[in-house]
Each structure stands twice: as C-alpha cells, then as structure tokens.
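Build the full structure now, drawing on both the sequences and the hints.
Protein chains: 2
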Amino acid sequence: MSLETMQDLLIHQLRDIYSAEQMLTKALPKLKDKASTDELAAAFGDHLAETQNQVARLDQVFELLGERSSGVKCRAMEGLIAEADELLDEDGNEAVIDAGIIAAAQRVEHYEISAYGSAKAFATLLGRSDIVKLLNESQQEETAADKKLSLIATAEVNARAAGTDPSMAAKAM
Amino acid sequence: MSLETMQDLLIHQLRDIYSAEQMLTKALPKLKDKASTDELAAAFGDHLAETQNQVARLDQVFELLGERSSGVKCRAMEGLIAEADELLDEDGNEAVIDAGIIAAAQRVEHYEISAYGSAKAFATLLGRSDIVKLLNESQQEETAADKKLSLIATAEVNARAAGTDPSMAAKAM
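The listed protein sequences derive, respectively, from chains A and B. To get the numbering used here, take the position in the first sequence, counting from 1, and add 12. To get the numbering used here, take the position in the second sequence, counting from 1, and add 12.
It is worth saying that the hints were derived from the structure and are not from the lab. Don't be surprised by glycine CBs; every beta carbon is placed ideally from N, CA and C. Be careful, since some hints might not be right.
[What the hints assert, rightly or not] Each pair of labels, with its calculated beta carbon distance range: (1) B:97 x A:79: 37 to 47 Å; (2) A:68 x B:72: 39 to 49 Å; (3) A:148 x B:155: 14 to 24 Å; (4) A:106 x B:139: 37 to 47 Å; (5) B:175 x A:160: 35 to 45 Å; (6) B:85 x A:155: 43 to 53 Å; (7) A:168 x B:80: 27 to 37 Å; (8) B:50 x A:79: 26 to 36 Å; (9) B:103 x A:75: 19 to 29 Å.
[Said to hold, decoys possible] Only pairs whose alpha carbons sit at most 30 Å apart, straight line, appear in this in silico DSS-like list of lysine-lysine: (10) B:85 x B:159; (11) A:160 x B:85; (12) A:42 x B:159; (13) B:46 x B:85; (14) B:159 x B:38; (15) B:42 x A:160; (16) B:44 x B:159; (17) A:160 x B:145; (18) A:42 x A:85; (19) B:38 x B:145; (20) A:159 x A:42; (21) A:85 x B:85; (22) A:85 x A:160; (23) A:38 x B:85; (24) A:159 x A:44; (25) B:85 x A:46; (26) B:85 x A:44; (27) B:42 x A:85; (28) B:46 x A:85; (29) A:85 x A:145; (30) B:85 x B:44; (31) A:85 x B:38.
In structure tokens:
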C-alpha cells in the first residue's frame, strides 16, 4: 500500500489497530484465567467485552470510509502479547505474577491510547468528525482501563506482592 | 527466571527496558535519516542522545541493585520497531510518511512511559527512592519526547500531509 494521501495513512493506521484489537480479544481470556484475584479477573473480563465492542466500532469506521474491514498484522501488538504470554508461563508467587501481568496489560493500553490518538489526529485533519467521535469513544475506554489497572495494582496487588520481599515483610511485622 | 519476589519482578522489568532502549539506539538513526525535514531529523537525533543516556542510567540502576547490566530481548519493542521499519520502506508522499513515522515513534514513547511507570511503582514499594529518582528522569524525558513529536506533527507535518488529500487541497484554495 503506497502512502500518497492522509486518507491512505488513516486507513493504514486503522488496519493496524483492527488487527491489534482482534489479537487482544484472543489474549485477554488467557490473562483473565491467570489472574489470582476475582477483581483482576473481572477487570480483564470487562475489558474483553469493551475490546469486542471496539472491533465493532472499527467496522463502522471502515464502512464510513467505504473501505473493507480488514487488518494488517500488527507486529507491535504481537510482541506486546508475546511478552504477556511469557509472564503467564512464569513460575513464582501469584501476587508478583499478577503485578507483572498488570504491567504488561498497561503497556498494551498505552499502545492503544497512542494508536487511537494518531488516528484521531489524522481523521480530524480530514474533517471527519463522525470518525473522530467513534475513535474517541474507544480511546476513552482504553484510558479508563489503564487507570482501573493502576488502581487495582496500587490498592491491592502491589502491596501483596511486596510482602514477598524480605525487607518489606520485616517492616510489616 | 522465577518471579518469587517484588525485587525479581523489578529486575525482570529493568531487563526488558534495557533491551528496549538498546534496540532503540539502533532504530533512531534510521528514523532520523528518513525524516524529510530538518526539525524532525533533529528531534530524532536529540532523542538518540537521550536514549544513550537512559541506557547509562539503567547501568547505574543495575549497579545499585548489585545486578549485572543485561537485557532480556524485549519482544514488544522488537514489534514496535518492525512496524516503524515497514513505514521506512513505504513508497508515497514524504509528508505523509513523516506523519506515519511520528505516529510509530509516539507508540514507542508510550510503551516506554508505561514501562518506566511500572518499574517506578515496584521500586517505590521496595523503598528504593534512589532507583525511583533515576527511572523518573528517564520517564520524564520520554514524556517530553512524546510531546515534542505531537508538537512537530500538529505545527507542521500533518497540515503538509493533509495537503495531499483532494478535499483538503480544495479547501485550502
């Protein structure tokens, strides 16, 4: 695909995000299964439902552009998910692994926040407020998911994981 | 590596970031060479110098932890760079490609902002304010680099790229 116009670039970005979101719908159930608390598992479950809705929203965007819904394999998301998968196979303390999975998931959210941000900027320049609106809804969900994971980490997981550190356990006594 | 303690997880994160920053020192010169304006090339050049300094800062962190400086191949950064490389090989309008390269570089910055954020949270829990301080300096540089790229995009590149769109060109007449 040659990038001659801003619309070419917008479509290029959308195909990347479409592929990324589709990969995520397959990865999130595995994160949910590995989570050691109900709260974290529920957060991944909720975000799976959001992600499926984000794919549907991208279908709408492609329709508005008169383009076929399709993805071009997102190499970055493939790597982000491979990193999360490595953690799923890791041995160790379950709270420490939860903290690691949250960190991996937050990298994913940041990737998507940035990707939607760029796509929104390009759609804005093209005067497509209808598309900007849809992309903005998904970006806001990604931002909220990132904040929710931070909250779960700081409120519960990290402190439980820090209890694994000998110096911290001593302080807690 | 088994993740038994929070310190194990912090070291795991640092090895990931170390690998990511080292890969970036090799990728940024290619982005600089492809940039079609002096301003964008200079931004990538400046960030290369910062990235080299961030590697040195991580060497300090490993020393403070009594650990050998080493990376574990960061699969996510490998994917992020592969995505940027695809753009470098793309044919098309140079302003559109600049806008695409900026979008790819901002995804990289967001990855790093998130990675340093998690590492900072873990170091904070371990009471290592010496390490938090160093990680925070790098995270602030990543945040500033992201903002600078947004500024270059909105001030110049995107508008030039949007001139490639038939409907936009008509409005500019």
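Hint check:
1. B:97 x A:79: 37 to 47 Å: Since the Cβ atoms of residue 97 of chain B and residue 79 of chain A sit about 25 Å apart, the hinted range of 37 to 47 Å is violated.
2. A:68 x B:72: 39 to 49 Å: Since the Cβ atoms of residue 68 of chain A and residue 72 of chain B sit about 47 Å apart, the hinted range of 39 to 49 Å holds.
3. A:148 x B:155: 14 to 24 Å: holds (22 Å)
4. A:106 x B:139: 37 to 47 Å: Cβ of residue 106 of chain A to Cβ of residue 139 of chain B: about 23 Å, so the range 37 to 47 Å is violated.
5. B:175 x A:160: 35 to 45 Å: holds (41 Å)
6. B:85 x A:155: 43 to 53 Å: violated (29 Å)
7. A:168 x B:80: 27 to 37 Å: holds (33 Å)
8. B:50 x A:79: 26 to 36 Å: Between residue 50 of chain B and residue 79 of chain A, where Cβ atoms are some 35 Å apart, the hint holds.
9. B:103 x A:75: 19 to 29 Å: holds (27 Å)
10. B:85 x B:159: holds (27 Å)
11. A:160 x B:85: Given pair residue 160 of chain A, residue 85 of chain B holds - Cα atoms ~28 Å apart, limit 30 Å.
12. A:42 x B:159: With a Cα-Cα distance of about 34 Å, the restraint between residue 42 of chain A and residue 159 of chain B is violated, given a limit of 30 Å.
13. B:46 x B:85: holds (26 Å)
14. B:159 x B:38: holds (22 Å)
15. B:42 x A:160: Between residue 42 of chain B and residue 160 of chain A the Cα gap is close to 37 Å, so the pair fails against 30 Å, i.e. violated.
16. B:44 x B:159: Status holds; Cα separation ~17 Å.
17. A:160 x B:145: Holds: residue 160 of chain A and residue 145 of chain B sit about 25 Å apart, inside 30 Å.
18. A:42 x A:85: holds (20 Å)
19. B:38 x B:145: Holds, at about 26 Å.
20. A:159 x A:42: Holds, at roughly 21 Å.
21. A:85 x B:85: holds (21 Å)
22. A:85 x A:160: holds (28 Å)
23. A:38 x B:85: holds (23 Å)
24. A:159 x A:44: holds (17 Å)
25. B:85 x A:46: Cα-Cα ~23 Å, so holds.
26. B:85 x A:44: holds (25 Å)
27. B:42 x A:85: holds (22 Å)
28. B:46 x A:85: Holds: residue 46 of chain B and residue 85 of chain A sit about 23 Å apart, inside 30 Å.
29. A:85 x A:145: holds (25 Å)
30. B:85 x B:44: Satisfied, since the Cα-Cα distance of roughly 24 Å is no more than 30 Å.
31. A:85 x B:38: holds (23 Å)
Figure legend: structure checked against the earlier numbered hints; hints not met, in rising order: 1, 4, 6, 12 and 15.
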